[in-house]
Every structure is written in structure tokens, then in C-alpha cells.
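There are 2 protein chains.
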Amino acid sequence: MKKFKRVAIIGVGLIGGSIGLAIKKNRLADEVIGIGRHQNSIKKALKFKAIDRGTIDVQEGVSGAEFVIIATPVGAIVPVVRSIASCLKAETIITDTGSTKKEIVRQIENLLSPDIYFVGSHPMAGSEKHGVESAKPELFRDSVCLITKTPHTKRGVLQIVSQFWNSIGCSRVRFLSPSDHDIIIARVSHLPHIVATALVNSVDKKDLSFASGGFKDTTRIASSDPRMWVDICMSNSKCILKSLNKFNKGIETLRKAISVKDTKLLMAEFGRAKRMREKLIV
Amino acid sequence: MKKFKRVAIIGVGLIGGSIGLAIKKNRLADEVIGIGRHQNSIKKALKFKAIDRGTIDVQEGVSGAEFVIIATPVGAIVPVVRSIASCLKAETIITDTGSTKKEIVRQIENLLSPDIYFVGSHPMAGSEKHGVESAKPELFRDSVCLITKTPHTKRGVLQIVSQFWNSIGCSRVRFLSPSDHDIIIARVSHLPHIVATALVNSVDKKDLSFASGGFKDTTRIASSDPRMWVDICMSNSKCILKSLNKFNKGIETLRKAISVKDTKLLMAEFGRAKRMREKLIV
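One line per chain: the protein sequences are A and B, in this order.
When we follow the numbering used here, the leftmost residue of the first sequence carries the number -13, and every step to the right adds one.
When we follow the numbering used here, the leftmost residue of the second sequence carries the number -13, and every step to the right adds one.
One chain only, chain A, in its complex shape:
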């Protein structure tokens, strides 16, 4: 595994903080620089020992770094890269942790000079919590990390980024195109989030005391950070709307079956869902 002299992490919340803790725990870098938007988040990241040194000046923070990890909300990733592009030394590797990839990868590949290497990452770990106070070095343990591959991606860089995620705990790294990523993740991550939100918003406050395990599980992700999800919805709107459309058709099939008491169709739909769900290893 490559050991870095200096790694810069932009965004020191749950994800960025956990990456910092994991790098330090596994001694993957001589120095971890944290870059935050507020002094307060830098102070907290230092207190929790997620970084060695911190600054709110992003250009100063990335200077001299070999590896830059952008762990900001999705909407800030491209602007951040734009603001640091001219301060990076040749052969710097950049990756991100955003939940959408197509727009991000396209824009970043367009704006970087050829001697700066970007590979998009999406570590599929997280929590409905946020902030460096919830960060932990094991956040990525046994998780999947999706890495995007485009005609511009350098093989050696792909390998370094891929090994990095493995070395902080990801048990599986999978490569796919940015657009395939966004289609699939719209279905298995973005759509569930929207559905959970609508589900919570459809109950009355007084109903909550009657909620049991089923409701709790189904709606857990609805307590995630709203700003993060607005960003994701804006960045992957086309794929999300398409998956929502398919979901709505399924809901309409069930609604109609209940309405006309078509028990055969209901049985088939519930049975199909059961067989499908059981294919998932829990």
C-alpha cells in the first residue's frame, strides 16, 4: 500500500472525519490536513484527532498534498475543485465521496489540467448522523466503495485510489461508469430516501407513539441531513425522477389491487417482493 506524505481532506464531518481517523489509525500518511468551512469544525476535528493540522483556507490546505479527498456535500464538490485546481502540484490525485457521479466527474475532468488526476469515489458507508463527533475509523469496514472509470481515467491512479479505500476498510471496490453509477444508485439509495421522507411526512405526530419496528426501519434514513439530500436530488434529478416513476407505477398497481380486491394480483406482488428481498444478504 502506498504511503502518502501529505493527504488533504476537504470537509471534516462524519465522512471526512472518519477517513482522517482511518488514515491515522492505519498509518497511511505522514500528515493529514483538514480543511473546513468554519474554525469550529477544524477545532472539533483536531480535538477528535481526525486530522493533524487544519485550516479554513482551502488553497493553503491542499498545498503540497499528494492526495486530496473531497468529503463535502455533493453541491460543493465541483466549486471546491475549481478553487484549488491552480494550487495543486503536478501528479496530485484527487478523489471525492459524493453520492452522485455523472455531473461531478464530467465537470471536474473538464476543468483539471492533464497532470492532475481525478477519480470519482462513492464509499457506500454513512449514517443518519453527521458531524465529526460521530466519525469513527471503522465507518468503512466491510462496506462497498464504488469508483468511476472513464476514458480519461489513468490505470495507475485507479489502482492507488482503489487500494486506498481497501486499506481503510472497504471490503469491496467496484468500478463503473459515472452514468451507470447514477442510474443504479438512484434506485437503491436516492429513491428509498425520498420514499422514506414521504412516508414520515404522511403520518400525524400523534400516530408516532404507535410506530413499531417496521415503521422505524422503513423511515430511519429520513432523519439524514436535509442539505445533503437536496444536493443529491439536484445533482441526479433525471435518474431519480425515472426511478420514482417506476416506483409510482408499482404503488398504483398495489393501490388498484387493494381497491378492487384483486387478491391474486396482491399475492403476486407481495410474493415477488419477498423473493427479491430475500436475495439480499442482510
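Hints are computed from structural coordinates only; laboratory data are not their basis.
No residue lacks a Cβ here, since even glycine has one placed at the ideal position from N, Cα and C.
Be careful, since some hints might not be right.
[To be verified] Residues of chain B placed beyond 12 Å of chain A at every Cβ, according to the derived structure:
1. K(-11)
2. E95
3. I237
[What the hints assert, rightly or not] Cross-link-like lysine-lysine pairs, in silico, DSSO-like; alpha carbons within 27 Å at most:
4. B:K224 with A:K191
5. A:K232 with B:K250
6. A:K191 with B:K(-11)
7. B:K115 with B:K202
8. B:K88 with A:K250
9. A:K242 with A:K228
10. A:K242 with B:K88
11. A:K29 with A:K(-11)
12. A:K260 with B:K228
13. B:K247 with B:K260
14. A:K75 with A:K(-12)
15. A:K(-11) with A:K140
16. A:K224 with B:K242
17. B:K250 with A:K191
18. A:K88 with B:K242
19. B:K(-9) with B:K122
20. A:K202 with B:K235
21. B:K135 with A:K228
22. B:K250 with A:K260
23. B:K202 with A:K202
24. B:K260 with A:K202
For chain A, the structure is supplied; the task is to place chain B on it using the hints.
Structure of chain B alone, referenced to chain A:
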């Protein structure tokens, strides 16, 4: 706590089996009779020591029982009561474990003679598993049990049934009318089930390997027993359709906000869901 001489449990699956195990563990009855539809389920219930004696003859099974618990799928509850009504001794108490209450309570109160007492129960515990092999005496520990109260309900009987659920582990017993029960449970239990089903059915098989914790949680209940859920949908169709209608409006609000890129509205909806979800103790 009242100790029963003979308790009959009709339906010895996950719920009936767990009730049997809990009665025996807490020594709440001298004898537990299990009634199943097939010899095989009786054999299994005996093997797992969930019952003391078993039969597939429901009339023989309930004979001489002071307390009869019906733990069959929702659709079988009324027919079962109809078939045993004339075999019960005076002052027998009957309860059930069905997830819907209005139709069940109305029909049973109409068909029983005044010296047989029925109180509807809905222990809010369970699992996506089924069968007596998944039963356990602690299934009801710390769970809520909803008990229906109507103008026909005898206060003393209500107390006995309520104490029974407490004594097998339910930490809270709540009384409400059968129709209030069905309205609330449609929202917090039946709707989530339908939504989880449509969610699973909207993904492609090949997407499943990309599913992470969010998808797994949101769809866990979709692997429940299809027959049980067809019964529930038929028995509480009106309330389910109403809650589905409200949910659909919420989905449409989100869909439109994503489509026209109304980030302010999206932020408000995600924020509302987050605040609401955080009121739930997990």
C-alpha cells in the same frame, strides 16, 4: 396475575408459538393446547415445547379452555370464532392477535352469545420470519399491545386480557376503539409495508448487489408473509387506501420539487421529515 387452567392457542406459527412459549415460561397456565391446520405444525409446536398438547380439530381443542387466543392470519379469525362459538363454556374469554380490528371486532361481537367475552388484541411484535421454528418466549418483551374497547367490552375482561399481555412481556398496553386502531395502524404499519413492497419491486435484480444499509432497512418488511398481508389489505382496505392517498400526495410534492428544482421546498420537506423522525425513540 390470573393463572389459567387451560389456554387454547389457535394458530401455532411465529405469534401463537411465541405466546405458548411465553405462557409456559411464565407459568401462566396449567395447560396450553395448540390448534393447527396441519398435523405437521402441531408436531413442530410440540417439538419446540410451545404447547403441551395439540390437535387439528379446533372444536375439540377449545373445549374446556378458559382463555382462547386466536393467532391465525387476519382472514381466518372470524371464521374460526364462528366455528367454535357453540363449543365454548360460559365465561370463556377470547382474544386475537390480528393487525386489523374494526371488521373483526364488529363481526365477532355480533356472533357470540352474551356469556362469551371477546376483546380484540394487536400485539405489535413480530418479525419478517414465520413459523413456530422462529418463535421465542421474549418476542413480546418491551413491545406495545393495542387492545380494543367497545360499548360491549366488559371492564373485568379488559383487565384480564391486558394483564395477560403484560405478563408475557408487553411493556405497554393501550386501549382504543377498533376504528381508531385501523386508521392509525394503516398509517404506521400497513402503509410502510405497501411502500416497501413497491420499493423492492422497482429495482432490477442486478441492482441488489449495490444496495447498502439504507435500502436494506427500508425494505426489510417486504419479506414478510404475502398471505398475511393480502388478508390485512382486504380487512383494512378503506384506511389503507386513504393513507396511501396521503402518501402519494407527499411523493408528488417531492417529485415536482425535484423536477422544477425547487430546492427551498425540498429542503422544507426533508427538514420536516427529519424533525418528525427524530421524535421517534429508536
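Structure-based check of all given hints:
1. Residue placement check: K(-11) (chain B) keeps its beta carbon more than 12 Å from all beta carbons of chain A (closest about 29 Å).
2. For E95 (chain B), the condition that its CB be more than 12 Å from all CB atoms of chain A holds, with the nearest at approximately 23 Å.
3. Here I237 (chain B) does not stay apart from chain A, with its beta-carbon only about 5 Å from theirs, under the 12 Å limit.
4. Distance restraint check for K224 (chain B) and K191 (chain A): the Cα-Cα separation of roughly 21 Å lies within the 27 Å cut-off, and the hinted pair is therefore satisfied.
5. Of the pairs offered as hints, the one joining K232 (chain A) and K250 (chain B) holds, with about 25 Å between alpha carbons and a cut-off of 27 Å not exceeded.
6. At roughly 39 Å between alpha-carbon atoms, K191 (chain A) and K(-11) (chain B) are farther apart than 27 Å, so this suggested pair is violated.
7. For the hint pairing K115 (chain B) with K202 (chain B), the CA-to-CA distance comes to about 15 Å; that is within 27 Å, so the pair holds.
8. Between K88 (chain B) and K250 (chain A) the alpha-carbon distance is near 24 Å, which keeps this suggested pair within the 27 Å criterion.
9. For the hint pairing K242 (chain A) with K228 (chain A), the CA-to-CA distance comes to about 21 Å; that is within 27 Å, so the pair holds.
10. Restraint check for K242 (chain A) and K88 (chain B): satisfied, since their Cα atoms lie roughly 22 Å apart, inside the 27 Å limit.
11. The straight-line distance between the Cα atoms of K29 (chain A) and K(-11) (chain A) is roughly 26 Å, inside the 27 Å bound, and the hint therefore holds.
12. The suggested pairing of K260 (chain A) with K228 (chain B) holds, with an alpha-carbon distance near 24 Å, which does not exceed 27 Å.
13. Restraint check: the Cα-Cα separation between K247 (chain B) and K260 (chain B) comes to about 20 Å, which is no more than 27 Å; the hinted pair holds.
14. Straight-line distance between C-alpha atoms of K75 (chain A) and K(-12) (chain A) comes to about 18 Å, which keeps the hinted pair within the 27 Å bound.
15. Pair hint K(-11) (chain A) plus K140 (chain A) holds up; C-alpha atoms about 19 Å apart against a cutoff of 27 Å.
16. Straight-line distance between C-alpha atoms of K224 (chain A) and K242 (chain B) comes to about 12 Å, which keeps the hinted pair within the 27 Å bound.
17. Annotation: proposed proximity of K250 (chain B) to K191 (chain A) holds, straight-line Cα distance about 23 Å (limit 27 Å).
18. With a CA separation close to 22 Å, the supplied pair K88 (chain A) and K242 (chain B) stays within the 27 Å bound.
19. Simply put, K(-9) (chain B) and K122 (chain B) have alpha-carbon atoms about 22 Å apart, close enough for the 27 Å limit, and the pair holds.
20. This hinted pair checks out: K202 (chain A) and K235 (chain B) have alpha carbons roughly 21 Å apart, not beyond 27 Å.
21. Between the alpha carbons of K135 (chain B) and K228 (chain A) the distance comes to roughly 46 Å, so the proposed pair goes past 27 Å and is violated.
22. Proposed proximity of K250 (chain B) and K260 (chain A) is contradicted: the alpha carbons are some 37 Å apart, above 27 Å.
23. Among the hinted pairs, K202 (chain B) with K202 (chain A) is consistent with the structure: their alpha-carbon atoms are about 13 Å apart, no more than 27 Å.
24. For the suggested pair K260 (chain B) and K202 (chain A), the alpha carbons sit about 13 Å apart, so the restraint of at most 27 Å is met.
Consistency note: the structure conflicts with the earlier hints numbered 3, 6, 21, 22.
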